[in-house]
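Visitor: Next come the chains, spelled out residue by residue.
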Amino acid sequence: MSTTKASQSTTATASDENPSVTGAFGSCPLPIFDHPNIVMGHGSGGKLSAELIDKIFVQRFRNPILDRMDDQAVLEIGGMRLAFTTDSFVVTPLFFPGGDIGHLAVNGTVNDLAMCGARPLYLSAAFILEEGLPTQDLARVVESMRDAANAANIQLVTGDTKVVNRGKGDKVFITTTGIGIVDRPTEMSADRAQPGDKVILSGFIGDHGITILSQREHLEFESDLKSDCAPLHSLVEAMLNEAEANGNIKGIRCMRDPTRGGVATVLNEIARKSHVGMRLHESSIPVRESVRGACEVLGLDPLYVANEGKLLAVVAPQIADQLIVRMRKHPLGTESQIIGEITGQPRDMVLMKTSIGGTRVVDVLFGEQMPRIC
Amino acid sequence: MSTTKASQSTTATASDENPSVTGAFGSCPLPIFDHPNIVMGHGSGGKLSAELIDKIFVQRFRNPILDRMDDQAVLEIGGMRLAFTTDSFVVTPLFFPGGDIGHLAVNGTVNDLAMCGARPLYLSAAFILEEGLPTQDLARVVESMRDAANAANIQLVTGDTKVVNRGKGDKVFITTTGIGIVDRPTEMSADRAQPGDKVILSGFIGDHGITILSQREHLEFESDLKSDCAPLHSLVEAMLNEAEANGNIKGIRCMRDPTRGGVATVLNEIARKSHVGMRLHESSIPVRESVRGACEVLGLDPLYVANEGKLLAVVAPQIADQLIVRMRKHPLGTESQIIGEITGQPRDMVLMKTSIGGTRVVDVLFGEQMPRIC
Amino acid sequence: MKFVDEYRNGDIAAKLVQKIRSVQTKPWVIMEVCGGQTHSIVKNGIDHLLPAGIELVHGPGCPVCVTPLEMIDRAHAIARRPDTIFCSFGDMLRVPGTHGDLFSIKSQGGDVRVVYSPLDCLKIAQANPDKQVVFFAIGFETTAPANAMLAWRAKQQGLDNISLLISQVLVPPAIESILGSPQNRVQAFLGPGHVCTVVGYAEYEPLSAHFRVPIVVTGFEPLDILEGVLMAVEQLETGRYAVENQYSRVLDRTGNRPAQALIAKIFEVSDRKWRGVGNIPQSGLRLRDEFRDLDAELRFQVSDISTMEPEQCIAGQILQGIKRPHDCPAFGTTCTPQHPLGATMVSAEGACAAYYAYGRHLKDTDIVTIGETSR
Amino acid sequence: MKFVDEYRNGDIAAKLVQKIRSVQTKPWVIMEVCGGQTHSIVKNGIDHLLPAGIELVHGPGCPVCVTPLEMIDRAHAIARRPDTIFCSFGDMLRVPGTHGDLFSIKSQGGDVRVVYSPLDCLKIAQANPDKQVVFFAIGFETTAPANAMLAWRAKQQGLDNISLLISQVLVPPAIESILGSPQNRVQAFLGPGHVCTVVGYAEYEPLSAHFRVPIVVTGFEPLDILEGVLMAVEQLETGRYAVENQYSRVLDRTGNRPAQALIAKIFEVSDRKWRGVGNIPQSGLRLRDEFRDLDAELRFQVSDISTMEPEQCIAGQILQGIKRPHDCPAFGTTCTPQHPLGATMVSAEGACAAYYAYGRHLKDTDIVTIGETSR
Amino acid sequence: MCLAIPGKVIEIRSQSGMRMARVAFGGVTRDACLEYVPETRIGDYVLVHVGFAISRVDEDEARRTYEALAELGQLDELDIPELREDGQ
Amino acid sequence: MCLAIPGKVIEIRSQSGMRMARVAFGGVTRDACLEYVPETRIGDYVLVHVGFAISRVDEDEARRTYEALAELGQLDELDIPELREDGQ
Ligand code: SF4
Ligand code: SF4
Ligand SMILES: [Mg+2]
Ligand SMILES: [Mg+2]
Ligand SMILES: [Mg+2]
Ligand SMILES: [Mg+2]
Ligand SMILES: [Mg+2]
Ligand SMILES: [Mg+2]
Ligand SMILES: [Mg+2]
Ligand SMILES: [Mg+2]
Ligand SMILES: [Mg+2]
Ligand SMILES: [Mg+2]
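Protein chains in written order, with the numbering used here: chain V, 1 to 374; chain Y, 1 to 374; chain W, 1 to 375; chain L, 1 to 375; chain S, 1 to 88; chain D, 1 to 88.
With the rest of the complex left out, here is chain V (with noise of 0.2 angstroms):
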C-alpha cells in the first residue's frame, strides 16, 4: 500500500523565508500578531489561518500526504485512488435563504471531493448539540443534509452525537468527512497550473458569504440575495467529460471550490504551489449587483467573499474554450467564464488587471476582512 498524494483542508502556507505581500487591498489596518490565544482570524481562511495550520499542525505531522495541503488528501490503497475530505461546519444562522447548515455540510464535502476528480461515495456525519437546540431545527437540519446527499448521490453511513452545555456549543457543528473515488487518470493538484493556462470561474462570486453577512441582526440589510450552497460533482463530470473528449484529461491542471476566503485566497494557493504568477481581468469576473452593494457599503472586496457552489479551475489553454462552452450548458455553470491566465512571471502572485485599465496586486488577507469606514 503507498500513497501518491494528498492535502489538508487550507489555504495558503505562508513560510517564513517568504514573507507576504501585503494586500494592496485589504481591510484596512493590517498588522499580524504572534497571538498567544487564538482569535478571530485564524479561521479566517487568510495568513492567520495559514500560519496557524503550518505552525500547530502541519510542522508536527509533517508527511508527505499532509504536506500537499490540498482540500482533500488522495490516497492509494490496493491501486485504488481514494479521495477522503474533512470539514466542520459552524455557520451563524443555521438557516438562511438558499440553504442551511445540513446542505452546505453535506455539499462542502462533496464539492472537497469532487475537485480532485472524485466520484463522491460515502459520508460520515459528527454533530456537536448545544443544550437547548430545538430538536425541530436539528430534524430539519438533518432533513436537508438527507436531501443534499441524494442529490449528490453520496451515502451517509456513519456518524455520532454529542451535546455540550449550553453556552458552550453554538446550537449545531457538523463535521462531515467524505470518501471518493477517483476513477479516471486525472493529474489534478494545485501545483501543475503551468505558463499559458486558463483559469476558469463558474459563476457569480460572494453569493454565500454576503448572504450570510446579510442575516447578521446589527447589519440590517435586505436583499433577494441567496447562498450559492450547490454539490459540484456534476459539473466537474461534465468537465472531465469534455476534457476526455478532447483527449486532454490531464488538461485539467487543477480545480478549487473558493469557500473560506474567497476566489482571491485559492488563486494565491495555486500560484505559490505552482511557483507561477497570474494575471486575472477584474471585467470578467461575475459579480452580482446586491453582492456589489454590499461590498461597496462595507468596504468589502468580493474577491475575498466565500462561495458554497462555485469552482475556479485552471486548464490547458487548448481546452479552455471547450470547457467554457460545456459549462455554460450546466445549471451550475451558466455564468462560466475565463478569467485570466497564467504567467511565468511574477511568480507566487496574482495580478489583477482592473476594469478602468490598472493593475494591482491580489494578496491573502491576514485575517477576516472587517468593514470599513475608510
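Source of the hints: derived by calculation from the structure; they are not laboratory data. None of these values were measured; they are calculated from a predicted model. Just so it is clear, CB atoms sit at the ideal spot from N, CA and C, and this is done for glycine as well. Take the hints with a grain of salt, since some may be wrong.
Taking lysine-lysine and the BS3-like style, the derived pairs with C-alpha atoms no more than 27 angstroms apart in a straight line are [to be verified]:
| id | chain 1 | residue 1 | chain 2 | residue 2 |
| --- | --- | --- | --- | --- |
| 1 | Y | Lys168 | L | Lys123 |
| 2 | Y | Lys168 | V | Lys55 |
| 3 | W | Lys123 | W | Lys265 |
| 4 | L | Lys2 | S | Lys8 |
Here are a few chain D residues that sit away from chain W, every Cβ distance over 10 angstroms (derived from the structure) [to be verified]:
| id | residue |
| --- | --- |
| 5 | Ile10 |
| 6 | Glu11 |
| 7 | Ile12 |
| 8 | Arg13 |
| 9 | Ser14 |
| 10 | Arg22 |
| 11 | Arg41 |
| 12 | Ile42 |
Start from chain V and add chains Y, W, L, S and D with the ligands according to the hints.
Guide: Just chains Y, W, L, S and D with the ligands now, with coordinates in the frame of chain V:
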C-alpha cells in the same frame, strides 16, 4: 462497487414496539420526555441518545449500512473491505491524568477501527477552536495527537480548522475520522452473539469516566486515578492472531470499546442486535478501589461509566480461554476476564448475578448518571 | 473498602437466607421504609434470594417520590428565573413537573446546578453575589442536618443571596399513617438506618408498641438487609414486637445529639403534603421564624400553582403497601417510566417503576428462574 | 449601481490619462489627502496608469494611521473592563497597541463589537442597561456628524451608559502643517471630497492662496481621481493656484449646514496629537462642556499610559510627503506589516505598508511592466 | 478616510424621533439616517457614510459633468494610451 | 433516601470556622464536615451523607456483630440455598 456491512456510532435503538426496561439500578428518577429541546441526556449514550439517533437520524437516512448501527461502517470498495468511523470529542478539562483531548481523539477513532478487526491506516482531524484558546494548549493537544497517531501507526492526512466566537464553543472540539482496512476473513458484528458464547472484558472499568468526573471542580475528589485512554489495535491484533492460530477467526463474534454509556450500554446493544440474553457475574468484573470509592460516594454504577482503553468481546466458548491467556500477555489486557456468557433467554436483556448471589437486570440508562442522595 | 466489602459477602448472604428459610413458617409482608434500602435490594437482587413467603414491600422513603408536584412546579418556576442559580441534588433533575424537568429548564437557559453537598451552595453564593442562589432542600431526617447547616452558615456569613426551597419530611408520621390504615398489609418494618443515625430510634418504640409491629432498624448493605429481614421474621414468628437495632455499628437509641440540636434550632415540625398520600399532620419540617427570610417559597412568590394528580393513580395506596401496581388500570398503559402519571412511577425506587421493569418480562419468562437455572 | 459604475469606465479613464499626458510637461508631486482616495488609487491601480512624471503621495487622511498610540492603548484598557461593551468601526480592530489589538482583547473575554454606524450603539446600550457601552469615535470631519448624533441622541434619550472615546481630527490644520514644513515637496492637493461634503471647501481657500498651491476637491471613483489629477496638473502647468471642485455632484462650497450645526453644538475645536506627526494646534474636536459627561476618557480613568514610538521611525515625515519609506532604516527589516513600528505601516493605506507590498517585488521584476506586457 | 456610497432612497419614515430612510445600494437595502439631508424625497440619491446620509447627489450636476467626461471618451479614438515602463 | 458511605478520616482541619476532614473512600478522598461528630480523630471511620459525617462507625461493635454474622457463614456448609421458582 457494493456495500456489505456498516453501522453508526451509537448505543441502543429503543423502538416504540419495544418499550424499554426501567433500569433496576439507575439514577433515582428516570422519566423520559419527548423533549422539544436537546438536553444533556441526549449525549449520554443512554436511551435518550438512542431515541434521538433513531428518530432524528436513522429514520431519515435509512440505508442498509447505516441501519447496522455499529461504531463504524465497513464498506466494500473495489473488492476491499474498508472500515470508516467518525467521532467528535468534547471533553472537559482538555488535559487530565492519563491523557488529553488529543490523545482521546486519536485513540477513540483507532479503537473504533480496531473493533471491527480493521488495521488503522488514515486519519482526518477537524478542529473547532474557541476564540481565546491559548495557542500553547492547542500545540500540546496537537503534539499529543501526533504521539498517539505514531503509536497507533495511523497517518494524519487531512484536516480542517474553524474558529468560533468566545462563548460559542469550549476551547477545543476535535472530530476525527478514520479509515482502516479489514484484511482478514473476520466476521465481527454485534448481531453475531450466540447462546453459549463467552463475554470477555480486557480490564478494570470506569477509570476514564471517574478520572474526568474527579476533575470537575465542585466534586473535589482526589485520587491517583488515571484515564485508561489507549489504542487497542495491537490487543485486537493479538486476539485475531490467537483466534486464527486456533483455526477459528470467526469465533470472535464481535468487539466493542465500552466508551460513553459504559459496559452496561454496550452489552445491551449486543444482546438486542443478536436477539440473545446475557448473564454477567458481578464478582468477575474488575473495578479499582478508587473507582469503587467514588461510585459509592456519588451513588453511581461503574457499569455505566466510560472507558477509553478497554474492550468487550463476545467469543465462541472453544477459544475463550486461549484468548484470555493471550490477552493477559498484552500490556493492555493483563486483567482480562471472562465476565459472563450469552444465553438464549430472556432475549434482548442483560442479567447479572450479583456478588451476594442475587440476580438483577442491567439495563440501559435513560440519560446521564447523576450523583444521588438516595 | 472497609465496612462495605465485608457486608457484601456472598457466602454469609447464602447462610442468612438459609437461616431465614429455616425460621420462617408462614408468609410475611415486610416493608423496607427507606428508598436507599429499596435501592440496595434491587441492585443486589436480594428480593430474588428470599424465600417466596417473604414479601418485601417498598416504603415511602424516597424523597424524590414523595415531593409534591406543586413543590416541583414551584422549584421549576424559580429555576426558570434569569437571576437565579438553582442548586439541587442530582436525583431531582429528571423529576417531571407539569412542564418538563430541570434538565429541560437548564436546556432553555436556566442556571441549574447539581451539587453534591448543600455546603457547595455557600461557595456558589459567594462567587455570584449578583445572583440568587436557591437550594432545593429535600430529604428525610438524614439530610436535615446538612440542610440546617446550610441555613445556619448562610445566616452567620451574612450571605443574603441564599435561600432554601424546603421539602423536608419525617418518617414516623408516615409509618403511623400506613399502620393506621384499615387496609394495612404490612406486618413488620425494616427501619430506616440512616434516618435513625440522626434521630435515634426511641421515637419508633411507641409506634411498635401501639401497633404491635416489629421494627428492625436496618443498614443498607446486603448483609444488613438480610439480617434485618431475619430479625423481623424471628420477631414475627415468635409473636414479639419491639424496636431492634440491626445497624448497631453506626447508630444507637439516641442518635446524633449535635445534629438534633442544630435541626431544632433551624427547623420546626409542621404539616406536610406527601405526593400520592396527601397531607400528613406534623410530618415535615419548616424553617423557624428566625430563619424564615431564608425560605425561597416566601422570597420568590410563585403564583398560581395548581396541579392535579391523575384520578386513576393509586400511588398513595401503593406507597402505603395497601395495593400493588398491577391493581392500577393505568399501569404499563398510560403510565410508564417514560410518561409517569404518579409518584411511584417517577423514581426508579418507586414501586410502579420497579414493577414495570420486571412485570413486562414476566409475561413471557421468569427472569429469576432463567437467570438462575440456565447457569 | 448608479453614480458608481459610470465612474469606473475604462475607456474614459484611458482618455483622461491621455489628456493628463498631453497637458503635462514636467514632473509634479500631488498629494491625495484622504485615505479613501489612496484606497481607490491602489485598488484600481490608478498610480500605474499615470504618466511617470506625476507622483502621487499619500496624505495623512487615514484616521486609523493617525490615531495616537496612547489613545489606542486607552481604548484597549477600557475594552478590557469586564463591565464594558466596547464598540468600534471594523478598521480599528486590528490596530496594535502596546499589548495586542482589539481582536486579542476580544479573544481574552473583552466584549468588543464591530458596529457599522455609531447609531448601533444606542440599541446596544438600551439592550444592556447594566453595561457601559463605549464607542471609539474616531474619524475626520466626514464622521463627525455621525459621532455627534450619537452623543446628542444618548443625551436626549437619557442613556447614561453610553460614552464616546473621541479621536476626531480635522484636515486643514494637517495640510497647513505639511505646507508649512521647509522640506515640503507637495505641489498640489487632491482635496478630501467627503470631508468637504460636510464642511464645504471655503476654509481651503485661504490655504491655497497663502501657500500658492492648487487644491482640487476630488471624489473617490477612478474617474473622479483621474479628473482631479488632470485639474491639478492643468493648474500647475498654467501656474494657477485655486480651490476647484471636481466633485460637484455631491458637494458645494458651503457643505452640509445641518451637519455643521450639530457638530458645533456637540464639539469644540481643540489641539490634537497625530500619530507620527505630534501635536497639531486646533487640529481636532473634543466634546463641549455640556457633553463632557459622555467623554469616556473622563468616565474611565485609565492611569499610566505612556507609549513610545520607536526612534528610528520617520512616519511623521512620510505622512507629510517629505520622506519616502525607503529612507527609513527599519523599513522592511524590523518594521513590516506583521510587526509595524510606526503609523504608516499600521494600515494598508499607510505609505510604508503600501510600499512594502510593492517594494519587495520590484527588486526582481517590475509588476506593472509584466502585468501589462505579458498579455 | 470616509467610505461613502451613493444609494437610492426607497422609503422614508420617522423612527424614535429621527427621520430614517431605506436606501438601495445595487441589490441590497439598508437604513440610513436622513437628519442631515432633510430635503430628501423618495427616489433621490443620497451619499451614505456610517449609516448617515451626508449629501443629496445633484443629478443635474452629475449629468452635466459626466457628459463632459463622456465626450472626452469619444474624442481621439486612435490615441491609445501608452504603457508606463516602470513602477515609479 | 439517604445514601451514606463509611470512609476513613485522614486529615482534620478548620475551614472558615467549620471542622472539616479529608475522608478516604477506597482509593479516593473527599472533604466532609465534622461538625456533627466532634469527637472524631484521624484514623476513625465516619459515615458520610451529602458531605457531612453523621456518625462515627463503632469499630468494636462492628467487629462483634460481624463476627456473629461470619460464624453463621461457617455453619452448615452443606446446605446450599435453593432457588425460588417464581418472581413473586
Ligand atoms: S402505575 Fe402510574 S398511575 Fe398507576 S399507581 Fe403507579 S404511578 Fe399511579
Ligand atoms: S518603515 Fe516603519 S519605522 Fe520606518 S517610517 Fe515606516 S512605519 Fe516608521
Ligand atoms: Mg477545510
Ligand atoms: Mg476538506
Ligand atoms: Mg472545503
Ligand atoms: Mg475546498
Ligand atoms: Mg481607507
Ligand atoms: Mg460515536
Ligand atoms: Mg465512531
Ligand atoms: Mg467511539
Ligand atoms: Mg466504540
Ligand atoms: Mg435511592
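Visitor: With reference to the structure, classify each hint as holding or not holding.
Guide: Tested hints:
1. Lys168/Y / Lys123/L: Distance of about 22 angstroms is within 27 angstroms: holds.
2. Lys168/Y / Lys55/V: holds, 25 angstroms
3. Lys123/W / Lys265/W: Holds - the C-alpha atoms of Lys265/W and Lys123/W are around 23 angstroms apart, at most 27 angstroms.
4. Lys2/L / Lys8/S: Status holds; Cα separation ~9 angstroms.
5. Ile10: holds, 13 angstroms
6. Glu11: The claim holds: Glu11/D sits with its nearest Cβ about 17 angstroms from chain W, beyond 10 angstroms.
7. Ile12: About 16 angstroms separates Ile12/D from the closest Cβ of chain W, which puts it past 10 angstroms; holds.
8. Arg13: holds, 15 angstroms
9. Ser14: holds, 14 angstroms
10. Arg22: Per Cβ check, Arg22/D is outside 10 angstroms of chain W; nearest 14 angstroms; holds.
11. Arg41: holds, 16 angstroms
12. Ile42: holds, 15 angstroms
In this structure, every one of the numbered hints holds.
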